[in-house]
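Student: Going line by line, the protein sequences match chains A and B.
Residues 1 to 105, numbered by our numbering, are exactly what the first sequence covers, in order.
Residues 1 to 460, numbered by our numbering, are exactly what the second sequence covers, in order.
If you're looking for bench data, these hints aren't it; they were derived computationally from the structure.
Fair warning: this is a prediction, and the values are worked out from it, not measured in the lab.
Do not take every clue at face value.
To be verified - Covered by chain B, according to a simulated footprint, are these stretches of chain A (three or more residues, beta-carbon under 8 angstroms):
id : stretch
1  : 26-37
2  : 40-50
3  : 77-86
All residues carry an ideal CB built from backbone N, CA and C; glycine is no exception.
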Amino acid sequence: MEAHSSEVFVIGLTVFFLACIIGYYVVWSVTPALHSPLMGVTNAISSVIIVGAILAAGPQGFDTSKIFGLIGVVLASVNIFGGFLVTYRMLSMFKKKTKKTKEKE
Amino acid sequence: MVAILYLISALLFIFALRGLSHPESSRMGNIFGIIGMIIAVFTTLMFKSVLSYYEIWAAILIGGAIGSFIALRIEMTALPQLVAAFHSLVGLAAVFVAAAAFYDPVAFSIGKVGSIKTASLVEMSIGTFIGAITFSGSVLAFGKLQGTISGKPIVFKFQHLINALIFLIIIFLIILFVINQSPTIFWTIVIVSILLGFLVVIPIGGADMPVVVSMLNSYSGWAACGIGFTLSNNLLIITGALVGASGAILSYIMSKGMNRSIINVVLGGFGGEQDTSASKDNSDKIVKQGNAEDAAYIMKNADSVIIVPGYGMAVAQAQHALREMGDILKKEGIEVRYAIHPVAGRMPGHMNVLLAEANVPYEEVLELDEINHDFPMTEVSFVIGANDVTNPAAKTDETSPIFGMPILDVEKSQSVLFVKRSMATGYSGVDNELFYRDNTTMLFGDAKKMCEDIVKSLSA
Numbered sequence: 001m002e003a004h005s006s007e008v009f010v011i012g013l014t015v016f017f018l019a020c021i022i023g024y025y026v027v028w029s030v031t032p033a034l035h036s037p038l039m040g041v042t043n044a045i046s047s048v049i050i051v052g053a054i055l056a057a058g059p060q061g062f063d064t065s066k067i068f069g070l071i072g073v074v075l076a077s078v079n080i081f082g083g084f085l086v087t088y089r090m091l092s093m094f095k096k097k098t099k100k101t102k103e104k105e
Numbered sequence: 001m002v003a004i005l006y007l008i009s010a011l012l013f014i015f016a017l018r019g020l021s022h023p024e025s026s027r028m029g030n031i032f033g034i035i036g037m038i039i040a041v042f043t044t045l046m047f048k049s050v051l052s053y054y055e056i057w058a059a060i061l062i063g064g065a066i067g068s069f070i071a072l073r074i075e076m077t078a079l080p081q082l083v084a085a086f087h088s089l090v091g092l093a094a095v096f097v098a099a100a101a102f103y104d105p106v107a108f109s110i111g112k113v114g115s116i117k118t119a120s121l122v123e124m125s126i127g128t129f130i131g132a133i134t135f136s137g138s139v140l141a142f143g144k145l146q147g148t149i150s151g152k153p154i155v156f157k158f159q160h161l162i163n164a165l166i167f168l169i170i171i172f173l174i175i176l177f178v179i180n181q182s183p184t185i186f187w188t189i190v191i192v193s194i195l196l197g198f199l200v201v202i203p204i205g206g207a208d209m210p211v212v213v214s215m216l217n218s219y220s221g222w223a224a225c226g227i228g229f230t231l232s233n234n235l236l237i238i239t240g241a242l243v244g245a246s247g248a249i250l251s252y253i254m255s256k257g258m259n260r261s262i263i264n265v266v267l268g269g270f271g272g273e274q275d276t277s278a279s280k281d282n283s284d285k286i287v288k289q290g291n292a293e294d295a296a297y298i299m300k301n302a303d304s305v306i307i308v309p310g311y312g313m314a315v316a317q318a319q320h321a322l323r324e325m326g327d328i329l330k331k332e333g334i335e336v337r338y339a340i341h342p343v344a345g346r347m348p349g350h351m352n353v354l355l356a357e358a359n360v361p362y363e364e365v366l367e368l369d370e371i372n373h374d375f376p377m378t379e380v381s382f383v384i385g386a387n388d389v390t391n392p393a394a395k396t397d398e399t400s401p402i403f404g405m406p407i408l409d410v411e412k413s414q415s416v417l418f419v420k421r422s423m424a425t426g427y428s429g430v431d432n433e434l435f436y437r438d439n440t441t442m443l444f445g446d447a448k449k450m451c452e453d454i455v456k457s458l459s460a
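The following block holds chain A by itself, in its conformation from the complex (with noise of 0.2 angstroms):
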C-alpha cells in the first residue's frame, strides 16, 4: 500500500514538472498584447478543479461534503462561464480590428 501510494505520487510529480515546463514555453510565446485574456483563460481552466467538486457532490443523500461539493461546483462554474466569456468578449475585439483594417487597405 505504501509503495504503491507513492509511486502515485511521483507519477503525479513527473506530470507536474513536464507540465510547469510545457507552461513556461507556451506562456512565454504569448504575445505580450494578449496577456489579460491570457489571465481570462488561465482563469477559466484553473476551475478544472470543478472536477474535484463534482466528485465531492457525486454521492447521493446530503451529507456535509455533498454541500461542500455542490459549493464547490457553483463556484467554479461562475468562474468557467465567466472566465471563457469575458475571453471571448476581449478576444472578439481584437479580431474585429483584423477585419477593419483588411477592409480599409
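Go by the hints and put chain B onto chain A.
Tutor: Structure of chain B alone, referenced to chain A:
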C-alpha cells in the same frame, strides 16, 4: 478511458494557451479551452459514484448564470477587479473541495474518515492553505482595484516578521493536522491562511497591482495543483501547473517592467511615503500650459504622432475619444501609433484591451521595445494618463525610486503633449522633470474631455 479523456482535455488547455501567441489564432484557442472543459466535466459526470445529476446540474446552471451575467455586463475598464474576483472564487472552490475530501475521503478513495493517507493529508492541507490565501488576497486586491479600499499601501511595524510568524504557525498546524486529522485544526488552517492572505496584499499599492493580480493568478493555479495531488488527478495537476507557470511569468514580466524584484513588490510599501519630499524642489519651475486648440494645432502640423496611454486613460474612459482623435489625424495623413509600457494600467495587457475595445487596430499598438527607438524620429508624443513610465529620471537620477525602470523615451521626440488632471506626482511619488522642459506642453483636464475638445478643434 477516463484517463485518456482527461488527457485530451489537458492537451486542449495547452492549445488554448498556445493560441494566444497571435490575435488571429486566439479565438480558436479559447474554443479549445471550452471544449477541454466540457470534456472534463462530462467525463467526471460519467463516474459510477456520481449519481446526483439534478443537484450538480442545478449548481452548474446557477454558477453559470451568475458568471455569464457578470462577464457580459462588465465594463472593460473594470477588468482587473473582475479578474481578481474570479481568482478569489478559484481559491474558495479549492478550499471547499479540500474540505469535501476531508469529510468524505471514501468518495475520493484516499482512505476513511479518521484514517486518511498521510500523503493525501499533506497535499490536502497545502491545497487548502494556498486556496485560502488566494481567496482572501484576491478579495483585498478586488477591494483596492474597485476603490472600496484605499489603494495606498498600508504598512505597520514588524509587518514582515508577523507574516513570517503566521507562516510558521500554519506549517505547525499542518503537521498537527496530519497527525490527528481533527476538523478543528483543518478550519483553523483555513482561517489563519485567510488572515495571511489579507496581510500579504495589504502593504501593496495600487500601481503594483499588475504584479499582485498576476501573482494571485499563479496561486490559483498552484491551489488547483494541490487539489490535483490530493485526488491523484493528472488533469488538475497539469492545468494547475500551466496556470501557475503563466501567473509566475506574468509577475516576472511585470516586476521587470518596473525594474524591481518580485520580492520587493511583495514586501510592498512602495510609493505613498515619498510623496511629500520629492515634489518640493521643482515648485518654482515654469510649466508651459496649453489647451485643446494648441494640441490640435501641434498635432495637425506633425508627420508622426505616438500616443502613450496609461491608467489615467482607463479611469477617464477616454479610449473611444482618443481613437476618434487618432482617426482624424490619420485622415490628415499623419502616422499615428500607440506605445504601451509593460506596466501601464492595472493588469497585464490592460491598455491593449481598452484600445482594442475602442477599435484601434492592434497593428498600430506597439510594445516598449518595438517602438522605443522610433521616438527620436517622431514629432509629437501624446501622453495621456501616464506619468512614471515616461520619466527620464529613471535613466539619469540614481537616487530616484524609479531609477533603472525601463521607460518610453518620449523626451526624445520633438514635442511632448501631456494630458493630466493636475501637477500631482505619479504613483511613485516622483516628480517628472519632463513637465518643465521647453518642448513639453501640459494639457490640464479630464482625459476624455480633453480628447473630445481636441477632436472638435481638429474638425473645425
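Student: Does each hint fit the structure? Answer for all of them.
Tutor: Status of each hint after checking the structure:
1. With 12 residues carrying a beta carbon less than 8 angstroms from a beta carbon of chain B, the stretch 26-37 of chain A meets the three-residue requirement, and the given coverage holds.
2. Note: the stretch 40-50 of chain A has 11 residues with beta-carbon separation from chain B under 8 angstroms; the three-residue rule is met and the coverage holds.
3. For the stretch 77-86 of chain A, the proposed coverage by chain B is satisfied: 10 residues have a C-beta within less than 8 angstroms of a C-beta in that chain, meeting the threshold of three.
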